[in-house]
Every structure is written in structure tokens, then in C-alpha cells.
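Asks: Keeping their order, the protein sequence lines are chains G and L.
Mapping the first sequence onto my numbering, position 38 (from 1) lands on 38, and the numbers just tick up by one.
So my numbering is basically just the index in the second sequence, starting at one, shifted up by 1000.
Just so you know, nobody snuck in bad clues.
One-sided and incomplete, this derived list gives chain L residues near chain G with beta-carbon spacing under 10 Å:
no. : residue
1   : T1032
2   : Y1036
3   : K1041
4   : Q1042
5   : S1043
6   : L1044
7   : L1046
8   : F1091
9   : S1095
10  : L1097
11  : I1105
12  : F1107
13  : G1108
14  : W1112
None of these hints come from the bench; they were simulated from the model.
Model, not experiment: these values are computed from the prediction.
Ideal Cβ placement from N, Cα and C applies to all residues, glycine included.
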Amino acid sequence: RKEVEQDPGPFNVPEGATVAFNCTYSNSASQSFFWYRQDCRKEPKLLMSVYSSGNEDGRFTAQLNRASQYISLLIRDSKLSDSATYLCVVSGGPGGGNKLTFGTGTQLKVEL
Amino acid sequence: GAVVSQHPSWVICKSGTSVKIECRSLDFQATTMFWYRQFPKQSLMLMATSNEGSKATYEQGVEKDKFLINHASLTLSTLTVTSAHPEDSSFYICSALRGASGNTIYFGEGSWLTVV
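The following block holds chain G by itself, in its conformation from the complex (with noise of 0.2 Å):
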């Protein structure tokens, strides 16, 4: 089992859609979690950390759910500039310290 898991898509979503995220990780033990985002060809962009609480930045809201170790990203009136691979990570926990473990990313594309 992959230690974080996400559907690859590609998701495909007309210009203001709403387009949600799932992504499972298998560490319990895990302590920090984060939804990184990715442009073709390049290095991958902290979108935002994800709480336990839940948190919102603009359009973008992350979800964390501990005991199902489900973690979620909703996007709200999507823009063309969205299109892009989103990365689930996860660090921490025991022998993971501030390593980050990566999904292998959900590709967003965002069409008129």
C-alpha cells in the first residue's frame, strides 16, 4: 500500500466549477499535512498546511480527518490558472521528522 494515496484524475472541470480532492495516507503516526501544487515541469508550490480544524485560504479549503487519515482539498470557482497537479504530503510521526512523503498528485484541468 502506497503510504499516500491519491486519485490521479485527471479531472477535467469547466471554468467555475467546484472540484474536490481525496487523499488517504497510512501513517498514524504522521503529524503534519500539506497540499502542495505542481505546474508541468516544474518544482512543486506549498498551496496550504491542512489542520485538523480545517482551514480555508480564498477559494481553496482543506479538510483533515485523523482517524479516517483522510485528507481533503475543495476548490470553489475554479480558474483557468488552477490547472495543475495537486500534491498530498504528509511528514513527520516517528523516523519521519521533517521528511515529506508525496502522493503522486491528482491533475486538475480547468476549460472554458
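Mind docking chain L on chain G? Use the hints.
Replies: Okay, now just chain L, sitting in the frame of chain G:
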């Protein structure tokens, strides 16, 4: 602007030669840097953790004699792919840990290696 710089961005080399990739933290000291590799349509895979002044810690399955890591200063870590083969062609990315608590990680821009 970038706080972690990686060089070169692109490199093509002949099979059997060695290639060095540099990762620099531009305005902070990084005692810990990480090296990742990403094949097309796959996730970033951690290769090794580079610690300033000590030997790197390699992940399982990564050959330490093939992927030489040197972290001789607090702002520079290098990855040398020795005796490169076409299957080593990949996107190599470094990241650096900033802060005493180590809770901020910055990525370099990545290096595309093609071995022909």
C-alpha cells in the same frame, strides 16, 4: 524570488559520465537538505537527507555510491550522479529546511537530467 537555487536546470550527458547538481540556500543557512527524484507521472520520491558536515542518509533502494551527496557548507549541497545511464534520466529536486524548528521547507527549481 527563489530562496533555494538549483543548478543546472537542464543537463544532457552521455551514458557513463558523471553529472553534478548543486542546491543552494540563498538567504538562510540550511543544516538539512533533501534530494528527491521524480519520474514522469509519478510522485516525488525522497532519495536522501543531506546533513551539513556529516554523511547523507539514504532511503532504502537508493545506491549511495551512485548518487554521491556532499553538504560541505550550510548553504550548499551537491548531488553527483556517477556513471549515469539512460534510466537515471529524471527530474531531480532539492529542498532545504529553514529555521531552528525546521518547520519551513523550500524547494529548488529542479534539474532535468537526460542521459543519452
